[in-house]
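Combine the two chains into a complex, taking the hints into account.
Chains as they are written, first to last, in the numbering used here: chain A, 3 to 318; chain B, 40 to 257.
All the given hints hold, so there is nothing to weed out.
Coverage of chain A stretches by chain B, computed from C-beta distances (three or more under 8 angstroms per stretch; other residues unrestricted):
#1 36-44
#2 273-285
Only pairs whose alpha carbons sit at most 25 angstroms apart, straight line, appear in this in silico SDA-like list of lysine to any residue:
#3 A:Lys32 - B:Thr56
#4 A:Lys32 - B:Arg53
#5 B:Lys46 - A:Arg40
Quick partial rundown of chain B residues pointing at chain A, CB under 7 angstroms, derived from the structure:
#6 Thr54
#7 Thr59
#8 Val61
Calculated directly from the structure, the hints in this document are not laboratory data. For glycine and all other residues, C-beta sits at the position ideal for the given N, C-alpha and C.
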Amino acid sequence: MGALEIVLRAAAALAMLLVLPLLVGQTEHKVMAHMQGRLGPMYAGGYHGWAQLVADGVKFVQKEDIIPAAADRRVFKLAPALAMIPYLLALAAIPLHPGYAAIDAPASLVFVLAATSVGVLGTLMAGWASANKYALLGAMRSAAQLLSYELPMVLAVASVALAAGTLSLGEIVEAWSPWWLLWQLPGAVVFLTAAVAELQRPPFDMPVADSEIVFGPYTEYTGLRFALFLLSEYAGIVMFSLLFAVLYLGGWRGPLADWLGWAWTLGKGFLVALLLIWLRVSWPRLREDQLQRLAWLWLVPIALVQLAITAVAVVS
Amino acid sequence: MIPGLVKGLATTARTLTRRTHVQEYPDHRPELPPRSRGVIALLEENCTSCMLCARECPDWCIYIDAHKETIPATTPGGRERQRNVLDRFAIDFSLCMYCGICIEVCPFDALFWSPQFEYAETDIRDLLHEKQRLGGWMESVPPPPAPDPGAPPVAEVMAQRAPVRGAPRVGLAAGGRAGSERTAPERQGVRRPPSGSAAPPAPAASPKPPAQATEGEE
Chain A
3 MGALEIVLRA
13 AAALAMLLVL
23 PLLVGQTEHK
33 VMAHMQGRLG
43 PMYAGGYHGW
53 AQLVADGVKF
63 VQKEDIIPAA
73 ADRRVFKLAP
83 ALAMIPYLLA
93 LAAIPLHPGY
103 AAIDAPASLV
113 FVLAATSVGV
123 LGTLMAGWAS
133 ANKYALLGAM
143 RSAAQLLSYE
153 LPMVLAVASV
163 ALAAGTLSLG
173 EIVEAWSPWW
183 LLWQLPGAVV
193 FLTAAVAELQ
203 RPPFDMPVAD
213 SEIVFGPYTE
223 YTGLRFALFL
233 LSEYAGIVMF
243 SLLFAVLYLG
253 GWRGPLADWL
263 GWAWTLGKGF
273 LVALLLIWLR
283 VSWPRLREDQ
293 LQRLAWLWLV
303 PIALVQLAIT
313 AVAVVS
Chain B
40 MIPGLVKGLA
50 TTARTLTRRT
60 HVQEYPDHRP
70 ELPPRSRGVI
80 ALLEENCTSC
90 MLCARECPDW
100 CIYIDAHKET
110 IPATTPGGRE
120 RQRNVLDRFA
130 IDFSLCMYCG
140 ICIEVCPFDA
150 LFWSPQFEYA
160 ETDIRDLLHE
170 KQRLGGWMES
180 VPPPPAPDPG
190 APPVAEVMAQ
200 RAPVRGAPRV
210 GLAAGGRAGS
220 ERTAPERQGV
230 RRPPSGSAAP
240 PAPAASPKPP
250 AQATEGEE
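Bound conformation, chain B alone (with noise of 0.2 angstroms):
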């Protein structure tokens, strides 16, 4: 028992000397580490209202509304298309437990973790951040950072890479294939001739253009 007695004692009595780690935080700004969730941010031009991340939301803090509108046709004797505008978003921080499932599943990016976590309020109503102030968060979103050393490309990166197996590569294909929405010249690109008649689009191919690939949330 004296042992560990005295044990006790030189631990303080060590820990006494030392300097300690602590970083006074209003004075001291701290280093956060990469990937830190403070905030969630809304990037407004990407978002189709499609609630997804709405109905994945664990504690239903996501609100949306929105409304759809009629674009006239293009051309004479086209089709009308209908798109969808966003009225309202809001996040109620009250509410949020920050799990960032709402981030994950938003198939266009239009949120964004961002660091900043100092958005405190005395009423507890003010946390209900609306579409307005959601948007302001992207000032701090970071860049993504780099991937780790050594750790593989992304997958969208590799797709691009993939060596593109008989046709030659741009705008060669044929034109006219039945369901192709997208007219993007590298989306016909990886078709793939010789497979059969009932061969369904590239599955190589990502389902998103490539600009946006680039600056995936992770």
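Extracted from the complex, chain A is given alone in its bound form (with noise of 0.2 angstroms):
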């Protein structure tokens, strides 16, 4: 692998973490605004808003960068990169057409569930460092619920790796088959609970709950840092949408998948991406409480029948 080819593949990360979060985004400004009866953004770019996101960037970039005086100024600072950068390296895992990847990892599930967990030290560094009793709060809420939720997503994916007998992504999508659609089914519905909740979206957002601790973590985080971590967010949808999609729903596997595979994967995130913006549209945030019982007596048991099930059926 030349020099070259390595900056092209990074380049290729990288736009891919500029571009589809803000395609997620802008999809949920409008999805979120026509399921509550509103229009949503209509006179940016001309056209049904469809600049409303370069307009809120370029709003970002203008603000003043304040850090709070009491805060911890190099972790401060720190902590927005270290929000977003798992994401670019996951999503740089995620394989989108048969062969394709920006990183060909031989282990690239293990990889990609390694790099997101390392994302909630960012939230984590940011709720201490900004020296500010709600931002801790929800840096403690959002790491509780991370740690919860990282084990039945974990055993969800486990099982995805038994039936397929690898643990790099590419071959998974080959092993793939129609049949797993109902045989994964209870990993997939709790893969995908525990998604959620790693993206502190609602119902899960008891870390960012606006009425309880203003925005959580960010509450002291302005301008362009701001922005970083709502990338981050959106880039964190992106991932998870496309590792869905490759797990449980066949990746690039469909009619003309040699010319059209990285259009299925897209396709398919951009499904579930809609997924989760209805879910977050839709339903009530949760308490603190009944999300850890959700985790521990409903997901962590559902995903370990789907382990069982998986290796019996693996086995004989």
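What follows is the structure in structure tokens.
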């Protein structure tokens, strides 16, 4: 692999990180608005507000970069990068087309899961360094939430890896068959729930519950750093949607996969992202203890049962 | 719990498929309901500077300055009369809370609601509308809406229609009745001759001339 190819792959991954979250964000603006009987952005860019997020980005850049006097400056500045880079790395490892992923790792599944788990550190650092009680509470909630939901997610993913007999995402897609839609259904539900919780999206958005703790760990952030946190949230949606599509919906599998594989992956991922938006619009926020109950009393047992079912089917 | 979650999803999905009812304001003018309260208009000719509106205003946002002018007697040896001349009438719309009490209390129908609402300013001091500007709003005051179907007629109209008991109608009653300032013929028609000597002026009569009674602010 030459240096040029490395640069190209890195640039492609970065472009994906910068473009796809904006697409999801705009979709969320419009879909959420119409689900609530509104129109959403209509003026920016002229046609149905397509440039709203660009305008938002310009606005964020212009804002003053405020760091609270009592904040731990270095950690405070580092946190947004640490929140976003893991999602960039994970996004790079997801195969979009037969044989095409920005990072070709043999155990890319483990790599993706490990990278996304680092993301919580950024949130924790942001909450701790802000020297703000709301930020700290939010960071603690977020840490507790991510620890609880990491387990069912890993168990659900382990079931898929067991069924495919490999830890490589590309080979998992090769091993996928439509029969998995039923066979891995409980695991898929657990994975999706855990993904929503890891993303801290409604109905699992207690870490940023605006009616209780302002905006959780991001309370003290303004301008570009705040925009980076938002971008990382939407990059996370893209990442988990694509991962769900790859693991449970067969990735690039579909008619004309040799030419249109990337479109199949992105399309399936987009549908999952739409589902995430739909859940956000429809459901109210859970309470902190309800969240923990759901994780430990329902998701972990279901994931374990799924693992057992998969193991029995694979062995027999 | 599960049916509730599904119901929530179904509700939002159904709303997604329907057209929204949003009216995009600057492009689409709102259709305001009758009796909309946008701004208060002043009909300066009707104002007598009685100050009732300024005194009733809950947040004291009406400013009135007036002076008295003496009108010389029209006939030799007659009495000179005084009348109020309005110098300043201003409403501070940064204080006004649009309760409409000033319009209700105005005995001479000098204040009206106008549905015009586009007078936002970039400087709060520009929200103090002086006499000229308040008078300018009169153009946008709509004619009073017709009464609701089945509603009883306005009190003034009822009083006009009431049959006069006793005396013949116009101009034939005793002209020199004590205390009658007004000399309009309609007003004299509604006296009640046989009701004793100290009878006050007829209570059923409207205090307003009938031309104003029909353009009430309701």
